[in-house]
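*Asks:* Which chain is which? The protein sequence lines are A and B, in order. For the first sequence, our numbering begins at 1 and goes up steadily by one. For the second sequence, our numbering begins at 1001 and goes up steadily by one.
I should point out that these hints are in silico values taken from the structure, not numbers from a laboratory. Please note that a few of the clues may not be correct.
Think about it this way: if two alpha-carbon atoms lie no more than 30 Å apart in a straight line, the pair counts; the simulated DSS-like pairs of lysine-lysine are [to be verified]: (1) B:1386 x B:1054; (2) B:1199 x B:1179; (3) B:1179 x B:1254; (4) B:1199 x A:93; (5) B:1199 x B:1254; (6) A:93 x B:1254.
Partial pick of chain A residues on the chain B-facing surface, computed with a CB cut under 8 Å [unchecked claim]: (7) 24; (8) 46; (9) 67; (10) 96.
Think of the CB as a built atom: it goes at the ideal place given N, C-alpha and C, for glycine as much as any other residue.
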Amino acid sequence: MSTRLMVNMWGLLFSLLAGSAGAEVVVVVSAQNPTKTLSHAELGDIYLGRLSRFPDGTAVVPVDQRETSPAYTEFYRYHLEKTPTQIKAHWSKLIFTGRGQPPARVANDTAMANAIAVSSRAIGYLDSTIIDERLRVVAIE
Amino acid sequence: MVVLFLYVTHTQAQVVDTPSVSFNGFGTLGIVHSDEDQATFVSSVFVPEGAGYKSEWSAEVDSRLGLQLTANLTPQWSSVLQVIVEQNYNGNYTPEIEWANVKFEVNSELSLRAGRIVLPTFMNSEHRKVGYVIPWIRPPQEVYRTVPISNIDGIDAAYRFRFDDFTNTLRATYGQADKTFPYADETGGWSTGDAQARKGLTISNTLERGGASFFAAYNQFHMTIDEFNPLFDIYRMFGPEGNTLANRYDLDDKRFEVITLGASYDAGDWFLMGEWTQMESQSLFADNRSWYVTSGYRFGTITPYLTYAQQRTHNVSSNPGLSQPYTEELDAFLQSILIFQPRQESLSLGVRWDFTRSMALKAQYDHMNLDAGSPGFLVITQPGFKPGGTVNLFSFALDFVF
């Protein structure tokens, strides 16, 4: 078990270093969407299926990346403080009672950018280097 | 591949709100060992086979497979069909419908369901059979066996609203359930009985904020078990005195009331959860109070957890018996049923290992301390069984979802 702990700690350290070296996962909406900020709690509840509207009252459709993508792990670790396993368990709870289905998934950062750009209701996350003029970065406070 | 295809189709579809169908499943492969060979440990009152007497090890206690189809017809209408294969009342593995309901979302706050739906008596009722999402190999039996059924046929309305960062869900459920259960008859063979719950009303409320959750529920239903009532027909032959006794203890449209309070907190790397429940009725079943508290710490993919649980009876009225001659045997029989109720505590120590995506291995040790004179939750007690001892269980399980 101590070996496993060490591995995990090194993994954490590595991802922290990698994170500070440049790549950063940011939360985005379409440039047509007026949302400029969300609280940590609001973002978390949107991605856990508890909140279905933006602060201005319009419906929100969260979009996920694949579970295997680095952005997925980074997003949930940084913004929701949860591991992929915890997210899996959370959605399994809702799926097996018919209370909800997890967010739709896209293959990668580029697909995410395209999906968000065409829908004013969508919210997503991607690597900050992929941002273009069709998207707006949402500040998470 | 079919699963994958359905899933991909579904996820593409959801963005544009077209009808979609998704297929999901869950299951547990588990084995449990009991060191008590004069009685059997089973998963619930509805099944005959378990670990202990006849077989020290049993794969029949915790193993099950669940398959679910979810259809999103329009943004307002959706439907769920869930089928579970697990041991049933005659020891067979016949698929049974766990949920089959249609949901209508009136607006983002109010939704209505009709069909076979969850009976939300406890905090984990909705997923008590999905091993992957619960911390333990099985929910603490002291609390969860109080109301062993997980679904009813009826309707429910859920009203969900937010204030600040709180999400509150208030749910009202109304319906009925029929369950067949096995019992050992006087010939040593198996007979089956039918428990009929009618006019079941449940009001439950869940308040959530971040990792914290508070749960409260009030549940009432009227239960009839005809197989127990011949005993009381005999009592009724003894005039008004016998009639009074029969009315006090029989199971003919008897009202049961269950109150549950629960709280859980998940801090990410550790969690703490507890529930308290009380059941009361004027029947053969003694009133009882149960609670558990459980906690675990996540070291990466390894999560050790610890649980303490107990069930105690209260207001146990001693049967006064009939004052007429030649009724001693009858009174003694009734008294033996009243005394022979589950009263026990248990300490469980386990570890979960999330060794790969969507799968977890669990190992759990349960030390059960049966109260004096009680068989606890053990069934099929043999002549050599001594109530009130201790029983140790060792369990291993593989939980998965897809």
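*Asks:* Of the numbered hints stated previously, which ones are contradicted by the structure, given in increasing order?
*Replies:* Numbers 6, 7, 8, in rising order.
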